[in-house]
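Novice: Keeping their order, the protein sequence lines are chains A and B.
Under the numbering used here, the letters of the first sequence match residues 1 to 303, in that order.
Under the numbering used here, the letters of the second sequence match residues 1 to 358, in that order.
Source of the hints: derived by calculation from the structure; they are not laboratory data.
Check before you lean on any hint, since a few could be wrong.
[What the hints assert, rightly or not] Below, in silico cross-link-like pairs of lysine to aspartate or glutamate (EDC-like), each with a Cα-Cα straight-line distance of 20 Å or less:
#: 1; chain 1: A; residue 1: Lys100; chain 2: A; residue 2: Asp187
#: 2; chain 1: A; residue 1: Lys100; chain 2: B; residue 2: Asp215
#: 3; chain 1: A; residue 1: Lys100; chain 2: A; residue 2: Asp185
#: 4; chain 1: A; residue 1: Lys100; chain 2: A; residue 2: Glu3
#: 5; chain 1: A; residue 1: Lys100; chain 2: A; residue 2: Asp197
#: 6; chain 1: A; residue 1: Lys100; chain 2: B; residue 2: Glu214
#: 7; chain 1: A; residue 1: Lys177; chain 2: A; residue 2: Asp187
#: 8; chain 1: A; residue 1: Lys174; chain 2: A; residue 2: Glu147
#: 9; chain 1: A; residue 1: Lys100; chain 2: B; residue 2: Glu216
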Amino acid sequence: MHEFLAQLANGVELGAIYALIALGYTLVYGILELINFAHGDVYTFGSFVALGIFVGLRAAGVLHGAGLILGIAAALIAAIIASALLNAGIERLAYRRLRKAPRLAPLITAIGVSFMLENLIELWQGSAPVPFPNVIPNPQLHIGALEVGVQQIVVVALAIVTMVTLHFFVQRSKLGKAMRAVAQDRDAASLVGINVDRTIAITFLIAGALAGVAGFVGGVSFGSAWFLNGFGAGLRAFTAAVLGGIGNIAGAMLGGFLIGMLESFSTWLIGGQWSNVAVFSVLILVLVFRPSGLLGETLPEKV
Amino acid sequence: MIYTYAFVAIAACVAIERFHNRRAKATIVLILAAFLAIAPRFYGNDAVFSVLADAAVYVMLALGLNIVVGFAGLLDLGYAAFFAIGAYTYGMLASPQFGLHLPFWVLLFLAAALAALFGALLGAPTLRLHGDYLAIVTLGFGEIVPQIFQNLTKYTGGPNGIAALDVPTFFGHSFGASVMPYYYIALVGIAAALWISRNLRESRLGRAWMAIREDELAAKHAGIDVLRSKLAAFAIGASFSGIGGVLFAAKLALVSPDLFGFQVSVLIVSMLVLGGMGNIVGVVVGSLLLTIVNSALLPQINSLVDATFHTTVDLSNLHFLIYGAILVGIMLFRPEGLLPNRERRAELHHAGEAAGDA
Chain A
1 MHEFLAQLAN GVELGAIYAL IALGYTLVYG ILELINFAHG DVYTFGSFVA LGIFVGLRAA
61 GVLHGAGLIL GIAAALIAAI IASALLNAGI ERLAYRRLRK APRLAPLITA IGVSFMLENL
121 IELWQGSAPV PFPNVIPNPQ LHIGALEVGV QQIVVVALAI VTMVTLHFFV QRSKLGKAMR
181 AVAQDRDAAS LVGINVDRTI AITFLIAGAL AGVAGFVGGV SFGSAWFLNG FGAGLRAFTA
241 AVLGGIGNIA GAMLGGFLIG MLESFSTWLI GGQWSNVAVF SVLILVLVFR PSGLLGETLP
301 EKV
Chain B
1 MIYTYAFVAI AACVAIERFH NRRAKATIVL ILAAFLAIAP RFYGNDAVFS VLADAAVYVM
61 LALGLNIVVG FAGLLDLGYA AFFAIGAYTY GMLASPQFGL HLPFWVLLFL AAALAALFGA
121 LLGAPTLRLH GDYLAIVTLG FGEIVPQIFQ NLTKYTGGPN GIAALDVPTF FGHSFGASVM
181 PYYYIALVGI AAALWISRNL RESRLGRAWM AIREDELAAK HAGIDVLRSK LAAFAIGASF
241 SGIGGVLFAA KLALVSPDLF GFQVSVLIVS MLVLGGMGNI VGVVVGSLLL TIVNSALLPQ
301 INSLVDATFH TTVDLSNLHF LIYGAILVGI MLFRPEGLLP NRERRAELHH AGEAAGDA
């Protein structure tokens, strides 16, 4: 029971991170029908930016008391801004020109961008995992038989707040409405006066920002950052997005938590070396038997 | 020296593309074949032929993937899985692992058959999926296969893989430590792969693939059995990779799971994209260029840089950057590749003018 609850908490924490990344896939897929393969690497980039800020601030000796709170906020905001700009930059330089190309062309380009980013991050930070400075205290709480760290609770809370904000933004704000309109019909949206290019750019900014939050959160909770982190986490998050129904925001969150649980429990029950196999088997099974995902609607095939 | 061979081969390929006269093409092919067969007697050393033998294996893999991606238009991001299946077939059946020492020549065909079988097994449920979804499913498969080989330690040696694989023999003569037999086998393999590719392209099946690639719905309504044609593409493409895997494993005398990761699949996709998807000669050029860059040019630039600046940089970790830049650059500026296939080029440029979501 004790172990079960620990795995459950672990799964929720992993799930929150995957859900944040999955939202980025889903937003971009919803609007462009593009699997932004480089998204996982934007997440890695966010992790390293947060790590850099922590290292810098610790060296300056300001990470205690109120300085710690400000430092955490600074690292989070820097990761968000850096990832958002990177993602929007990728869209501008690589994807925009290919909007009217056959669908495989942007996907191949996205894989290319992903490889370039991974290599550049490796050149920048080396090929070994870099430990995250252990600056955030993590007292353990006991709730019944459940033992969780404060960090875990903060991580999950931060993720949930982000997701709820996103949901209201997309559903209620004018920009969110424009995003949904462009996703539905790009030409019609431009006819009613929506600036399509700008809306798509903003979508990439938001997706990147979410990856930045995930990068920060992931770095803190895994305790390290690694240039290839984004590949595995990205594929898991993409699986989560597909499982929930790609293009569907609530689906991405649900999928994220389910994949987090799957990873945590498969690691516990059948061993960590099988968790990849479990996750990718789910990906294949969902795509084959229910490509619209759990919450997605079935769309007629576009001709 | 390696550049001489690469240059001759690439120049011959370009010439073949330029000439439209069948006779002229056939002559160039014969001269090239004679040169590649005879020149090693006079010119070159083991290091050069080792690289060329590897290049030849990659050409075979690229030709196999070209059937799937180039002809049938199905993006397969897990092609290395079939390469792994071929390599492990040799690794498990011709090594001390189980004490089985089946002959190389038998395993060549067995691996082709096994890879084709797995191609069909993967394809049967997934080929209904379209475009990028299929790409992601194949990627997942490509991740699962090496992981399974890594996990089943009892049978596959786990993360360390299987070493000390049998040295193949030819009518009782052992290949020994020489790389030449692999070079010649790979040459014959390429010749066969080219011949099969060309005949397939002109066949009924090849035209069905082209129709599916250009417009699946129209192809279906024209009476083409879409699923069966796609399955055939998957199986045939995979079988090339199976043979390549046996050659690769036998030459290296080793298999291990980390040799068949996603980067291998992307490397081969990059070869196709660079040369021109769908065009047989273009694919050969693309794979030759990339292999030469990887195994000759980069190490040489590396030692040059080190010697000039007294540094010890490691350019071998620029591979990802190079593949990535090729994929992005070609897609943005010349989506049809260096040596394009005429129809494919028309598709890519036509699509740019027509509506987006075909």
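Novice: Look at each hint and say if it fits the structure.
Specialist: Evaluated hints:
no.	hint	verdict
1	A:Lys100 to A:Asp187	12 Å, holds
2	A:Lys100 to B:Asp215	16 Å, holds
3	A:Lys100 to A:Asp185	14 Å, holds
4	A:Lys100 to A:Glu3	52 Å, violated
5	A:Lys100 to A:Asp197	13 Å, holds
6	A:Lys100 to B:Glu214	16 Å, holds
7	A:Lys177 to A:Asp187	15 Å, holds
8	A:Lys174 to A:Glu147	43 Å, violated
9	A:Lys100 to B:Glu216	19 Å, holds
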